[in-house]
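Undergrad: One-letter residues, chain by chain:
There are 2 protein chains.
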Amino acid sequence: MAGGSGTRFWPRSRQRVPKQLLAIATRKTLLADTLARVRSLATPRATWIVTGASHATAVRREARGLPRGNVLVEPQGRNTAAAVALAALRIARTAPDGVMIVLPADHAIGDVAAFRATLVQAMDVAVATDRLVTIGIAPTRPETGYGYIQVGEPLDGGAHAVARFIEKPDLARAQSLLEGGDVLWNGGIFAWRVERILAELRRWTPDVVGPLEHALKRGTARALAQAYARVPSVSIDTGVMERAERVAVVRATFPWSDVGSWAAVADLWRNGHEANAVRGSAVLVDSTGCVVDAGSRLVALVGVEDLVVVDTPDALLVCPKGRAQDVRLIVEELRRRKLQRYL
Amino acid sequence: MAGGSGTRFWPRSRQRVPKQLLAIATRKTLLADTLARVRSLATPRATWIVTGASHATAVRREARGLPRGNVLVEPQGRNTAAAVALAALRIARTAPDGVMIVLPADHAIGDVAAFRATLVQAMDVAVATDRLVTIGIAPTRPETGYGYIQVGEPLDGGAHAVARFIEKPDLARAQSLLEGGDVLWNGGIFAWRVERILAELRRWTPDVVGPLEHALKRGTARALAQAYARVPSVSIDTGVMERAERVAVVRATFPWSDVGSWAAVADLWRNGHEANAVRGSAVLVDSTGCVVDAGSRLVALVGVEDLVVVDTPDALLVCPKGRAQDVRLIVEELRRRKLQRYL
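So the protein sequences, as listed, match chains S and Z. Numbering (this note's numbering) for the first sequence: 1 to 343. Numbering (this note's numbering) for the second sequence: 1 to 343.
A portion of the hints provided could be inaccurate.
[As the list claims (entries may be wrong)] Calculated lysine to any residue pairs in the SDA-like style (CA-CA distance at most 25 Å, straight line):
| # | chain 1 | residue 1 | chain 2 | residue 2 |
| --- | --- | --- | --- | --- |
| 1 | Z | Lys338 | S | Ser296 |
| 2 | S | Lys321 | S | Ser281 |
| 3 | Z | Lys338 | S | Asp286 |
| 4 | Z | Lys321 | Z | Ala282 |
| 5 | Z | Lys217 | S | Arg246 |
| 6 | S | Lys321 | Z | Asp286 |
| 7 | S | Lys321 | Z | Gly289 |
| 8 | Z | Lys321 | S | Ala294 |
| 9 | S | Lys338 | Z | Arg279 |
| 10 | Z | Lys168 | Z | Ala266 |
| 11 | Z | Lys338 | S | Ala294 |
| 12 | Z | Lys338 | S | Glu274 |
| 13 | Z | Lys338 | S | Ala282 |
| 14 | Z | Lys28 | Z | Asp286 |
| 15 | S | Lys321 | Z | Asp326 |
| 16 | Z | Lys321 | S | Lys338 |
| 17 | Z | Lys338 | S | Thr288 |
| 18 | Z | Lys168 | Z | Pro104 |
| 19 | S | Lys321 | Z | Leu171 |
| 20 | S | Lys321 | Z | Lys28 |
[As the list claims (entries may be wrong)] Computed footprint of chain Z on chain S; a stretch qualifies when at least three of its residues, placed anywhere within it, have a C-beta under 8 Å from a C-beta of chain Z:
| # | stretch |
| --- | --- |
| 21 | 189-201 |
| 22 | 205-215 |
| 23 | 315-326 |
[What the hints assert, rightly or not] A short list of chain S residues far from chain Z (calculated; beta carbon distances all over 10 Å):
| # | residue |
| --- | --- |
| 24 | Thr7 |
| 25 | Pro11 |
| 26 | Thr57 |
| 27 | Arg116 |
| 28 | Asp130 |
| 29 | Gly145 |
| 30 | Gln150 |
| 31 | Gly152 |
| 32 | Phe165 |
| 33 | Asp170 |
| 34 | Ser257 |
| 35 | Asp258 |
| 36 | Ala294 |
| 37 | Arg297 |
Calculated from the structure, these hints are not laboratory results. Since the model is a prediction, treat every value here as computed from it, not as a measurement. Note that CB positions come from ideal geometry on N, CA and C, so glycine has one too.
Throw the hints in and build the complete structure from the sequences for me.
TA: Written as structure tokens, this is what we have:
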């Protein structure tokens with residue numbers, strides 16, 4: 001899943017360069033990193049990307065190792081239920097008995113071998129139990145930006161049933177969840193048999209899968225565009241996972257980050273050792289906890305703490321790490337002022 | 001006096017572009033503003049600039065209205081006693097009976113008519129009393145960066161004797177000075193008869209004026225260089241003003257700023273009305289008290305307070321307004337790292 005157009009990494013991310021096309025965790029783009037990780041799990045022909053029309057060219061450039069037809073282009077963004085349905089329908093044609101892994105293209109994973117082991121385990125559980133399997137991430141903080149999973153009774157293969165899904169909590173609820181017992185973050189990584197997810201999509205979100213199925217049978221771009229115009233915007237979580245009865249969770253054994261904002265970059269760049277997370281040439285005096293993404297110019301800081309400074313050829317961002325989510329306010333302001341060239 | 005090479009306005013100020021050559025208070029350089037103000041007080045032939053060898057070309061460009069010989073070039077910087085002595089010796093040749101005004105080239109003055117009136121008054125006092133006259137600035141805060149003047153008994157012409165000069169105080173002392181009574185800041189602006197200042201220089205700083213007088217008699221650049229190599233670095237304040245007996249002070253009636261750092265720029269740009277002092281194109285969201293000098297790029301701030309952000313083609317500065325004096329630490333660090341191109 002390489003859709004969406006993150007605004008939280010402005011000024012690096014722009015309408016034409018969303019987060020998954022940024023080299024933000026490593027020197028390669030998040031999408032390229034994701035494709036590299038997937039290589040140990042699936043052949044190029046069995047690797048599919050769903051992306052939006054405005055990023056198709058850039059995504060294809062990153063996906064040169066894949067058959068051209070494996071980049072599925074959505075005429076418009078319609079959330080993850082539609083993206084999963086489109087991929088599942090397409091995959092069912094060539095591998096109706098297949099097992100499908102769904103991965104966001106814009107996450108950072110710390111340990112590829114552990115990542116691979118967890119996903120192999122999840123696929124085994126998906127085949128053995130015919131459940132929808134989600135990967136649960138061990139929470140490290142009372143995060144309010146993620147959904148949580150209450151872990152249920154154990155299943156075979158080291159998996160657990162899902163007792164219930166908990167929507168993004170407020171801070172007090174997140175804290176009590178962490179104290180209360182066995183909860184995991186819902187990281188948006190899934191494994192399931194193609195037939196199982198299609199059956200669940202048909203049951204819970206027929207208004208999503210129906211029009212897409214019809215359009216794929218007609219096989220024209222126009223038909224797909226008409227279908228997407230009618231499809232409701234529903235996430236795979238609220239649309240299917242939270243309603244389906246046969247759901248399982250497998251614990252991630254790898255370090256995981258959804259790289260949610262510039263603040264999250266600190267951990268990826270710094271490795272927890274240095275006082276500041278810095279890319280490019282910078283001079284920092286009496287400064288700690290900062291994230292500095294210097295472009296071609298020298299960035300000099302004196303006496304600042306926990307500040308994000310991002311320097312690009314045409315725009316510069318300065319904000320406290322604690323306000324990193326509010327970078328979207330800048331993007332909104334630029335839209336209001338019709339400063340299109342910075343969007 | 002257009003010498004010195006301010007580092008506190010880095011990255012705008014560089015070795016080749018010191019503060020007086022920056023357009024920092026208005027759209028013109030501080031030197032050009034100073035020359036424009038002086039035009040109402042002196043003819044071009046009676047206007048002299050003392051500057052350093054490394055800035056002579058740039059200074060002459062700003063001083064096109066002046067005879068070329070009126071730009072006096074010091075072979076090396078030797079503080080203000082030497083600069084004043086050089087100018088006084090040179091002026092004495094053409095106008096031995098003249099009255100001399102000494103002005104730093106890098107101050108910002110809010111009201112040119114009031115500035116002119118104060119200086120005319122100071123010249124009148126200098127002629128009438130044959131005292132060394134300094135302009136006293138009414139303090140607006142317990143500043144620790146300036147010397148203070150204790151005002152003495154009244155003299156004719158609205159002037160006062162100087163009871164004593166007080167060197168840069170610490171904060172507690174500065175506060176008690178403000179509470180204690182009639183003190184003024186020593187702004188470094190002077191008026192005196194040329195003969196009087198030369199007499200005082202000869203009396204109090206013969207090791208400064210002696211070698212210079214000798215060199216000017218010989219009239220070669222080499223002689224001047226040799227003299228400057230021997231001259232001690234003494235300010236006109238500690239060298240002469242604080243020792244001389246016949247000193248007077250005239251109160252400034254104009255808004256004054258020595259534009260000591262980026263923090264001081266806030267008052268000059270903002271006029272006290274807006275939440276932030278901004279030059280160039282910037283988008284500020286939930287931000288107050290900031291000084292933003294944007295170059296050709298967009299500067300975007302979210303959720304920051306009292307921050308200085310200066311954007312130049314090759315370097316960028318971010319520091320709290322309260323640390324604006326410490327910009328020199330960056331310059332020192334650049335020197336240590338031999339990053340010559342940013343100096």
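Undergrad: All hints, please: hold or fail.
TA: Verification of the hints:
{"no.": "1", "hint": "Lys338(Z) <-> Ser296(S)", "result": "holds, 18 Å"}
{"no.": "2", "hint": "Lys321(S) <-> Ser281(S)", "result": "holds, 20 Å"}
{"no.": "3", "hint": "Lys338(Z) <-> Asp286(S)", "result": "holds, 20 Å"}
{"no.": "4", "hint": "Lys321(Z) <-> Ala282(Z)", "result": "holds, 18 Å"}
{"no.": "5", "hint": "Lys217(Z) <-> Arg246(S)", "result": "violated, 103 Å"}
{"no.": "6", "hint": "Lys321(S) <-> Asp286(Z)", "result": "holds, 14 Å"}
{"no.": "7", "hint": "Lys321(S) <-> Gly289(Z)", "result": "holds, 19 Å"}
{"no.": "8", "hint": "Lys321(Z) <-> Ala294(S)", "result": "holds, 22 Å"}
{"no.": "9", "hint": "Lys338(S) <-> Arg279(Z)", "result": "holds, 20 Å"}
{"no.": "10", "hint": "Lys168(Z) <-> Ala266(Z)", "result": "holds, 23 Å"}
{"no.": "11", "hint": "Lys338(Z) <-> Ala294(S)", "result": "holds, 19 Å"}
{"no.": "12", "hint": "Lys338(Z) <-> Glu274(S)", "result": "holds, 23 Å"}
{"no.": "13", "hint": "Lys338(Z) <-> Ala282(S)", "result": "holds, 14 Å"}
{"no.": "14", "hint": "Lys28(Z) <-> Asp286(Z)", "result": "violated, 31 Å"}
{"no.": "15", "hint": "Lys321(S) <-> Asp326(Z)", "result": "holds, 23 Å"}
{"no.": "16", "hint": "Lys321(Z) <-> Lys338(S)", "result": "violated, 31 Å"}
{"no.": "17", "hint": "Lys338(Z) <-> Thr288(S)", "result": "holds, 23 Å"}
{"no.": "18", "hint": "Lys168(Z) <-> Pro104(Z)", "result": "holds, 18 Å"}
{"no.": "19", "hint": "Lys321(S) <-> Leu171(Z)", "result": "violated, 33 Å"}
{"no.": "20", "hint": "Lys321(S) <-> Lys28(Z)", "result": "violated, 37 Å"}
{"no.": "21", "hint": "189-201", "result": "violated (count 0)"}
{"no.": "22", "hint": "205-215", "result": "violated (count 0)"}
{"no.": "23", "hint": "315-326", "result": "holds (count 9)"}
{"no.": "24", "hint": "Thr7", "result": "holds, 12 Å"}
{"no.": "25", "hint": "Pro11", "result": "violated, 7 Å"}
{"no.": "26", "hint": "Thr57", "result": "holds, 26 Å"}
{"no.": "27", "hint": "Arg116", "result": "holds, 39 Å"}
{"no.": "28", "hint": "Asp130", "result": "holds, 48 Å"}
{"no.": "29", "hint": "Gly145", "result": "holds, 18 Å"}
{"no.": "30", "hint": "Gln150", "result": "holds, 35 Å"}
{"no.": "31", "hint": "Gly152", "result": "holds, 41 Å"}
{"no.": "32", "hint": "Phe165", "result": "holds, 32 Å"}
{"no.": "33", "hint": "Asp170", "result": "holds, 21 Å"}
{"no.": "34", "hint": "Ser257", "result": "holds, 22 Å"}
{"no.": "35", "hint": "Asp258", "result": "holds, 21 Å"}
{"no.": "36", "hint": "Ala294", "result": "violated, 8 Å"}
{"no.": "37", "hint": "Arg297", "result": "violated, 5 Å"}
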